[in-house]
Amino acid sequence: MAQVSGSLPSPTSRGSTRWAALRPTRQFRRRLFQASIVTVLFLAFVGGLTVLFGTIILQYAVGGLVVSSIVIVAAIGLTVLYGIRGFANFAYGDLMTLGAYLALLLSLNGLSLIWGAIVSFLVLAVVGVLLEVVIFARLEGRGPVPPIVASVGVGLIIQNGVRAVAGTQEWLYPVPASQDIVLIPGVGLHPVRGFLTLGVGLTLVFSAHVLLKYTNLGKAMRATADNLELAKATGIDTKRVTYAAWVVSCSFASTAGVLLGLGTALNPTMGFDIILLIFAAVIVGGIGSPYGAMLGGLLVGLSQEMSVPFLLWLERPDVIGLQFGTAYKVAIPFIILFVVLIFRPWGIAGRRPAFARRSYFIEQIARLLGERRRSETPTGEANGGR
Amino acid sequence: MASGPILQVNGIEKAFGGIRAVDRCSLAVLPGSITGLIGPNGAGKSTLFNIIAGLYRPDGGEIWFGDARIDGLPPYEIVRLGLTKTWQIPHELRNLTVLENLVLAAKDNAGEHLLNLFVKPGEVKRDEIRCRARAREVLKLTQLEGLANEHARSLSGGQKKLLELSRALMSDPTLVLLDEPVAGVNPALTGSLMDLIERLRQNGRTFFLIEHDMNVVMNRCDWVIVMHQGRRIAEGPPETVKADPAVIESYLGG
Amino acid sequence: MTGGASTHVSKQAPVPTVPWGGIVAFLAIAGIVGAGVIAGLLAGASTQGILTNLGFYASIAIIFAVLALGFNLQWGYTGLFNAGIAGFYLIGAYVAAIAITAPSPPIVVGGIPVYPGHLGGYSLPLAAGIILAMFASGATAAIIALPALRLRADYLAIATLAFASILQIFANNLQSVTGGAIGITGIPKPIAFTTADAPFLNALTIVGIGSAILLLFILLLQFMAESPWGRVLRAIREDEEATMALGKNTFNYKLQAFALGGALMGLAGALFAVTLGYISPSSSFAPSVTFSVWVMVIVGGSGNNRGAIFGAFLIYGFEWLSVQLKDYIPSALAEGLPGIRSLLIATGVAAAVLLVFVLFVGRFIWPSARSRILTTVRERAWARSAIVAAFVLYGLGWVFVFLQQYAPRAIGDTIFYLRLMFIGVLLIILIIYRPEGVLREHKRVLR
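Chains W, H and L supply the protein sequences, listed in that same order. Counting in our numbering, the first sequence runs from 1 upward without gaps. Counting in our numbering, the second sequence runs from 1001 upward without gaps. Counting in our numbering, the third sequence runs from 2001 upward without gaps.
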């Protein structure tokens, strides 16, 4: 994420030095430009579809935004841990489940759900630090696979612990039933499942942004995610940063779990069921980059929901008569994930690693074309060349 | 032996992020020579070796090995053509025995292709016997034969370096790139190793080696090439290079 | 040459001559079988009933053993971490089922489609079904491998997990092909017995066929894995770059290992379809199957085919045993509650006395033994873990007593989940302290 930025304009040509630091860098301006183009294109795309098919498209888009906000909160937590600790936390979904159930437990015992969510937030932060101290600190330097295996073990423990205590039936949060609030005719948004989710999502995204950009801890976290050895060498306390990463990761997981529970019911596999979606968002956006996680989350959530009309169209007997077409909507983000893994594994916001070989297919094609090169005779001399 | 250079590097470029590790480097190695490649740390020598051996892909330029152009080829094809490389930090296969490490380096072992196990069992057996015999020969050359059935991870640092060299010799290569072959090895062993290399050179092989040990470079190399900041800045017989002011400044100034 | 290249090898722990791993393995499985038999006897089952039950254990354990062998080829030998085992398993099961089942059209009762029907009705013989299943899984694995094997280990895990999930979605929803959520039923057994002894005879045939297949493939895999080809796989696992530099086209080898492992998983699926007689896209093909196979291979020892089989029999043995004991334990607890409570109290008192002795009194009475115990505890991780485990078990004992008094029904289910939590704990402990497994990979001494 932290690329070498373009040079700052010299003071004499652009005004006093006092304001020079605040002036947006060339790289920032380029990114902003790219983002605006994409947003405009997307709005045009949605607008076009709405003109063709009606306001139902907007309903799906809004639904997609709600799903996206849950995914974004979860993905930020996951990507922070992935970038700093360097492994894929397969227990993340079950941590979300744990957070949701803790809030449920507290809300059933008299606390309001809001307080339940806050306490769950704090408890999971402690859980995260415990996990690091007891398990994951011992697995440092053993490669990418052992922490994944250990995280699967943790997930098994959490998931079955929840089952043992709360049973396998579905629970519901004690939230009063309410009607969708109508935005424009044909497009409604539920006050709790919709507005509250979006609001909480935005708040958390904003707090993550503030934490990472403007606090010393945040800068240390970004540096460690970028290059662990360099961070250690420049004196950053990577142990503290690691604990901070676990705290952020698990507490975001708990909030994402509560939001998820608000949207659907609570069951022991609720988190694990969507973990692949979160991974898709993280990888598409670029591991270790929270801004990438936001982009990835948007992409994943919107693509999943907005594929529904397309799948409904496929269900029609005169097209292919696909049965239960809408059940395949969860496969759409996976397709995006596969495409990204094949052609650009470092994601949108990631940087191409130095030794990346080109994707298999591109390399095969280049080989076929390159067959011709090798029959040429040598050119240039020892002291010449280009 | 070919009349031209056995290895020719033309204008190779390689950048990592914003750093140019190899900056339009051109050089040539003559067949049957022991050529040294020296330069201060960070000059791009190991990177160049990795590019020649096919492990990195250059951003630009050409590499010719004899009559064949090898840049862009995968490592296994370059080994097949007769060019092998050792690693600066030994990359021994830790949980395999020394003998297994070496037998793996042999060329044309029929048993390594799955189908052959079933359709040509006789050839598989013959090739395996042949490769094991050759492995033991090479181990005798580098005096490691007593360790043949020990796990590679239990070797000392110097022994691992010897293992690297043994592996490089297994496939009967024409050109061997040695990346700091005697770094961290005691002087007596260094002497014997370089004697071995000299004997092998007289049998027709070419050696291109990166070394920081100036005794080795001055006394054992026919020709020395100097790299600095990713390109060649000087070359010649050892004494000439030693006295070259540009070379001295590169080591002092950097 | 003089000097350095002596035959001195740096000191390492001497290889133990007693095969503790093997002994532990044998005892563990014997224990499981014994406990199952006792449970059956206590439940009043006939000899034939007990044997049929054991036959069921053996058949499913064999299926998991084949899965474990496939995963061992991919990960234990080649270092490819496949998180989508359940997907290849599913393909094998469905392809075999579709191939060998009789036609089953949709069933509509009073205008409501009760059963959507499925693709098939070819009624091919079992052997053809198995071969088709292996081919389908192997080919899918090869296709997936083309883009996926370039990915590093964690990306490969995520990609294969996603692949397995997508397959589950397809199996659940592509109703006309797979029978939807109900799945495919009425898969014919290899020999159709009609007598009253049928369940027992069926179990016998399945175990017989399964064991024969397992034996065949163990021999085949040992032959392949200990060959020069297998040696390249192990080299790739150790250091892929170095292996490339030795002149091997590592991608081809990884592709072959992955495809063959996938074919084995397909074989397991086919056996599963035939053993059970029906398949559905439910928990049989969920990611927990993948995780169980991981545990089996990690417990047994990666790169070690015997270990994979042992791991399968052991871990599935726990599951089978917990089902056997599920009804028995709550009632036994209810009957023996006062006795159990006194036992726990007695154990607690004894442990407390022992602790006091070791920590305070022993200094005067038996100093050498005391100091030896203390240093062992201080230095050896296993001693500390054993103490922690003992405390946990003791606590669990009290939890059970408590539950039995206030929520007797919860125990049966809780045991079920406790078993899974135990597998999670086992996974964590193994990967931290003994990733090479119970049965060590042996040194290949070449002549």
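There could be a bad hint or two in this list.
Subject to a maximum C-alpha distance of 25 angstroms in a straight line, what follows is the list of computed BS3-like cross-link-like pairs (lysine-lysine) [what the hints assert, rightly or not]:
#1 213(W) / 232(W)
#2 1140(H) / 1125(H)
#3 1160(H) / 1140(H)
#4 1140(H) / 1120(H)
#5 2443(L) / 1140(H)
#6 1125(H) / 2326(L)
#7 2443(L) / 1160(H)
#8 213(W) / 239(W)
#9 219(W) / 232(W)
#10 219(W) / 239(W)
#11 1107(H) / 1140(H)
#12 1107(H) / 2189(L)
Away from chain L, derived, C-beta distances all over 12 angstroms, residues of chain H [as the list claims (entries may be wrong)]:
#13 1040
#14 1218
#15 1240
#16 1243
In case anyone wonders, no lab produced these hints; they're calculated from the structure. We put the CB at the ideal spot given by N, CA and C, even for glycine.
Exercise. Is the straight-line distance between the alpha-carbon of residue 1125(H) and that of residue 2326(L) 25 angstroms or less?
Worked result: violated (54 angstroms)
Exercise. Given the hint that residue 2443(L) pairs with residue 1140(H), does the C-alpha gap stay at or below 25 angstroms?
Worked result: The given pair, whose Cα atoms are some 22 angstroms apart, holds under the 25 angstroms limit.
Exercise. Are the Cα atoms of residue 219(W) and residue 239(W) separated by 25 angstroms or less?
Worked result: Holds, at about 15 angstroms.
Problem set entry | Satisfaction of hint between residue 232(W) and residue 213(W), Cα-Cα up to 25 angstroms | Roughly 20 angstroms between the alpha carbons, so the hint for residue 213(W) and residue 232(W) holds.
Exercise. Given the hint that residue 2443(L) pairs with residue 1160(H), does the C-alpha gap stay at or below 25 angstroms?
Worked result: Judged against 25 angstroms, a Cα distance of about 19 angstroms means the pair holds.
Problem set entry | Restraint status (C-alpha distance of residue 1140(H) to residue 1120(H) at most 25 angstroms) | violated (30 angstroms)
Problem set entry | Pair hint outcome, residue 219(W) versus residue 232(W) [Cα-Cα no greater than 25 angstroms] | Roughly 13 angstroms separates the two Cα atoms, so the pair holds.
Exercise. When you check the alpha-carbon spacing of residue 1140(H) and residue 1125(H), does it fall within 25 angstroms?
Worked result: holds (23 angstroms)
Exercise. Within 25 angstroms, alpha carbon to alpha carbon, are residue 213(W) and residue 239(W)?
Worked result: Measuring from Cα to Cα gives roughly 20 angstroms; hence the hint holds.
Problem set entry | Hinted pair residue 1107(H) and residue 2189(L), Cα distance within 25 angstroms | Distance ~50 angstroms between residue 1107(H) and residue 2189(L) Cα, so the pair is violated.
Exercise. Is the nearest Cβ of chain L still more than 12 angstroms from the Cβ of residue 1240(H)?
Worked result: holds (31 angstroms)
Exercise. In terms of Cβ atoms, is chain L entirely out of 12 angstroms range of residue 1040(H)?
Worked result: holds (26 angstroms)
Figure legend: structure checked against the earlier numbered hints; hints not met, in rising order: 4, 6 and 12.
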